[in-house]
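Asks: Top to bottom, those sequences are chains A and B. Taking the working numbering, I'd label the letters of the first sequence as residues 1 to 257. Taking the working numbering, I'd label the letters of the second sequence as residues 1 to 302.
To be clear, the hints were calculated from the coordinates, so they are not data collected in a lab. What you are looking at is a predicted structure, and each value in this text was computed from that prediction instead of being measured. Don't be surprised by glycine CBs; every beta carbon is placed ideally from N, CA and C. One should not assume that every hint holds.
Unchecked claim - On the chain A side, residues computed to face chain B include the following (Cβ under 10 Å): (1) 6; (2) 14; (3) 17; (4) 18; (5) 98; (6) 99; (7) 100; (8) 107; (9) 108; (10) 232; (11) 234.
Claimed, not checked - In the BS3-like style, the derived pairs of lysine-lysine whose C-alpha atoms are separated by at most 25 Å in a straight line are: (12) B:240 x B:73; (13) B:73 x A:10; (14) B:207 x B:105; (15) B:29 x B:3; (16) B:151 x B:73; (17) B:137 x A:97; (18) B:207 x B:231; (19) B:73 x B:137; (20) B:29 x B:73; (21) B:16 x B:73; (22) A:20 x A:97; (23) B:137 x B:223; (24) A:253 x B:16; (25) A:253 x B:3; (26) A:253 x B:73; (27) A:10 x B:137; (28) A:10 x B:106; (29) A:10 x B:105.
Said to hold, decoys possible - Heads up, incomplete: computed chain A residues facing chain B, CB under 7 Å, no partners named: (30) 102; (31) 111; (32) 194.
The chain contents come next:
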Amino acid sequence: MSQWMILFRKEWLEMARNYKLVWIPLVFIALGIMQPVTSYFLPDILKNAGDLPEGSVIEIPLPTSGEVMVQTLGQISQLGVLVLALAFMGIVSSERKSGVLDLVLVKPVSLPHFVTSKWLSAVIVAVVSFFLGMLAAYYYTTRLIGELSFGDFVRGSVTYSLWLVFLVTVVMFLSSFLMQSGLVAFLTLLFAILLSAATSLAPRWMEWSPARLTTHASAFMVSGEAADKFILTLTITTFMIVILLLSSIQLFKQSRT
Amino acid sequence: MEKLITVEGLSKRYGKDVAVDDLSFQIQKGSCTALLGPNGAGKTTTLKMLAGLLSPSSGKIEFEEMSEGDLRKYIGYLPQYPVFYNWMSASEFLTYVARLAFLSKKEAVVRTNELLELVGLEDARDRRIGNFSGGMKQRLGIAQAMIHSPKLVMLDEPVSALDPVGRRDVIDMLEELKKQTTILFSTHVLSDAEEVCDDILIIRGGKMALSGSLQELRERYQKDVITVQVKGDGGAWVKKLESYDWVLDVTLEGGLMTLVVDEVESAREKILREIVDLSIPVVSFSVGQSSLEELFMKVVRA
Numbered sequence: 001m002s003q004w005m006i007l008f009r010k011e012w013l014e015m016a017r018n019y020k021l022v023w024i025p026l027v028f029i030a031l032g033i034m035q036p037v038t039s040y041f042l043p044d045i046l047k048n049a050g051d052l053p054e055g056s057v058i059e060i061p062l063p064t065s066g067e068v069m070v071q072t073l074g075q076i077s078q079l080g081v082l083v084l085a086l087a088f089m090g091i092v093s094s095e096r097k098s099g100v101l102d103l104v105l106v107k108p109v110s111l112p113h114f115v116t117s118k119w120l121s122a123v124i125v126a127v128v129s130f131f132l133g134m135l136a137a138y139y140y141t142t143r144l145i146g147e148l149s150f151g152d153f154v155r156g157s158v159t160y161s162l163w164l165v166f167l168v169t170v171v172m173f174l175s176s177f178l179m180q181s182g183l184v185a186f187l188t189l190l191f192a193i194l195l196s197a198a199t200s201l202a203p204r205w206m207e208w209s210p211a212r213l214t215t216h217a218s219a220f221m222v223s224g225e226a227a228d229k230f231i232l233t234l235t236i237t238t239f240m241i242v243i244l245l246l247s248s249i250q251l252f253k254q255s256r257t
Numbered sequence: 001m002e003k004l005i006t007v008e009g010l011s012k013r014y015g016k017d018v019a020v021d022d023l024s025f026q027i028q029k030g031s032c033t034a035l036l037g038p039n040g041a042g043k044t045t046t047l048k049m050l051a052g053l054l055s056p057s058s059g060k061i062e063f064e065e066m067s068e069g070d071l072r073k074y075i076g077y078l079p080q081y082p083v084f085y086n087w088m089s090a091s092e093f094l095t096y097v098a099r100l101a102f103l104s105k106k107e108a109v110v111r112t113n114e115l116l117e118l119v120g121l122e123d124a125r126d127r128r129i130g131n132f133s134g135g136m137k138q139r140l141g142i143a144q145a146m147i148h149s150p151k152l153v154m155l156d157e158p159v160s161a162l163d164p165v166g167r168r169d170v171i172d173m174l175e176e177l178k179k180q181t182t183i184l185f186s187t188h189v190l191s192d193a194e195e196v197c198d199d200i201l202i203i204r205g206g207k208m209a210l211s212g213s214l215q216e217l218r219e220r221y222q223k224d225v226i227t228v229q230v231k232g233d234g235g236a237w238v239k240k241l242e243s244y245d246w247v248l249d250v251t252l253e254g255g256l257m258t259l260v261v262d263e264v265e266s267a268r269e270k271i272l273r274e275i276v277d278l279s280i281p282v283v284s285f286s287v288g289q290s291s292l293e294e295l296f297m298k299v300v301r302a
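So that you can see chain A by itself, here it is in the shape it has in the complex:
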């Protein structure tokens, strides 16, 4: 077994021992279930809990299944991203801070192996958790709200998952040279918020922006087709992920001297 696999397996063992493999998927599944269920029961909830005057008629049109899925993505953009940032903020920086890196790196460990094994394990956990959440959302949406093409759902989810991979890579990048895990999470969230805000405020200028992937994903869910310049966004994002990963390796090398 190659050194890369040894490092990769260690990540999984660690995530199993500290229950990340349990709670991260659970959070996403909960997020996925919540939106269709609350949309469906909203009129009932209001009827029973609201202090509405006698005789008032509540008419809330049931959203379409595509809209519910888009709302689910909205939840994931906030809570899901927060959870991923918190879960992986210390992926390198906490090991550096504790000093355990000194023991590992005096062994003939390849630094690119070290960084990429961590990156891939985080990406797999993030993407698999996200899909579990989306499948839960899809299941409840189609049961409670209405039909939704499975193909559109998959296309939308895959598109959105690239946005998550991009953000996990940003976490990895920051963690590779920063000492403070909290700072890693904060900067990642700040970056995600600023990029999303800039993308929606200046859509013409930001067609290439990875944050546009959320727009494309929503478009797939609602209309079955991506928004404009889908390929551009896809290419730029993939390119940026590669660049960030390579820079992580480089910064990680430099942070040791």
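Fit chain B to the known structure of chain A by using the hints.
Replies: Chain B only, in chain A's frame:
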């Protein structure tokens, strides 16, 4: 003896601060060398550079017969405060680092068992490292440094943080390791170095202050010393003793005189005679040699 490492002009600067300044030395194959110096002398920085954890600002480190590829294969290193993955057990950690050092699965298990036995952690092999005491972590640290049978093992202050029993255990372990590999360890306690080492390097303020084999240093610097404890302050007599040319150095502290003399046989006789002649109220009288501790203090404070 063949040399294993040649270090030339090794320096490390952090901005304007110089942590290590132009160090040059050699380490013989199969030897045990102590890197001595007070706190902040640059011992850890030097070891980290040799271990490849820090890159030198300038200077050369040459390893004989291991010029190819990744030098870390040949080096074992124990940091001053070893930190492990607390969620792993002792045997898991050792097997993990063994595999990282390219041992096969089988070899890794064999070495893990061997080393757990050597450092006396067989009973704790399946316990989580998070529950280990400081002494146990130090032992595990030594085991991980030895796991891939390195040609050079570097230990940063391996005994400084231990209680007397733990210290004894680690010193005994070092005696055992000496048979297997070359050792370089740092300490600020000379007696630890004297106990296990053949060679010492004393550094101060990042500079080499003194180096050589212990034997050589003893021969060169150890002097005959006569100590006399007198009642009262004995100041007058000291003045008289100072004037003799066979007395090289005198110190007086609370009635305890330490005389460094050139010829111990005749000096003893002369002093004893004076004690009788002048009726000096002597409490104790002893003849011996200066300890290296004094030399160390002198070098370090100079």
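Asks: Hint by hint, note whether the structure agrees.
Replies: Each hint tested on the structure:
1. 6: 5 Å, holds
2. 14: Hint holds; residue 14 (chain A) Cβ to chain B Cβ min 6 Å, cut 10 Å.
3. 17: 5 Å, holds
4. 18: 7 Å, holds
5. 98: 5 Å, holds
6. 99: 4 Å, holds
7. 100: 5 Å, holds
8. 107: OK, holds: residue 107 (chain A) within 10 Å of chain B, min 4 Å.
9. 108: 4 Å, holds
10. 232: At about 41 Å, which exceeds the 10 Å cut-off, the nearest Cβ of chain B leaves the hint on residue 232 (chain A) violated.
11. 234: 36 Å, violated
12. B:240 x B:73: Given that 25 Å is the threshold and the Cα spacing comes to 63 Å, the pair is violated.
13. B:73 x A:10: 20 Å, holds
14. B:207 x B:105: 44 Å, violated
15. B:29 x B:3: 5 Å, holds
16. B:151 x B:73: 9 Å, holds
17. B:137 x A:97: It holds: about 18 Å lies between the C-alpha atoms, which stays within 25 Å.
18. B:207 x B:231: This hinted pair is violated, its Cα atoms lying about 43 Å apart.
19. B:73 x B:137: 23 Å, holds
20. B:29 x B:73: 17 Å, holds
21. B:16 x B:73: Violated, because 33 Å separates the two Cα atoms, which is more than 25 Å.
22. A:20 x A:97: Measuring from Cα to Cα gives roughly 20 Å; hence the hint holds.
23. B:137 x B:223: 41 Å, violated
24. A:253 x B:16: 23 Å, holds
25. A:253 x B:3: Violated, because 30 Å separates the two Cα atoms, which is more than 25 Å.
26. A:253 x B:73: With Cα atoms ~18 Å apart, residue 253 (chain A) and residue 73 (chain B) stay inside 25 Å; holds.
27. A:10 x B:137: 20 Å, holds
28. A:10 x B:106: 18 Å, holds
29. A:10 x B:105: Satisfied, since the Cα-Cα distance of roughly 15 Å is no more than 25 Å.
30. 102: 5 Å, holds
31. 111: 11 Å, violated
32. 194: 33 Å, violated
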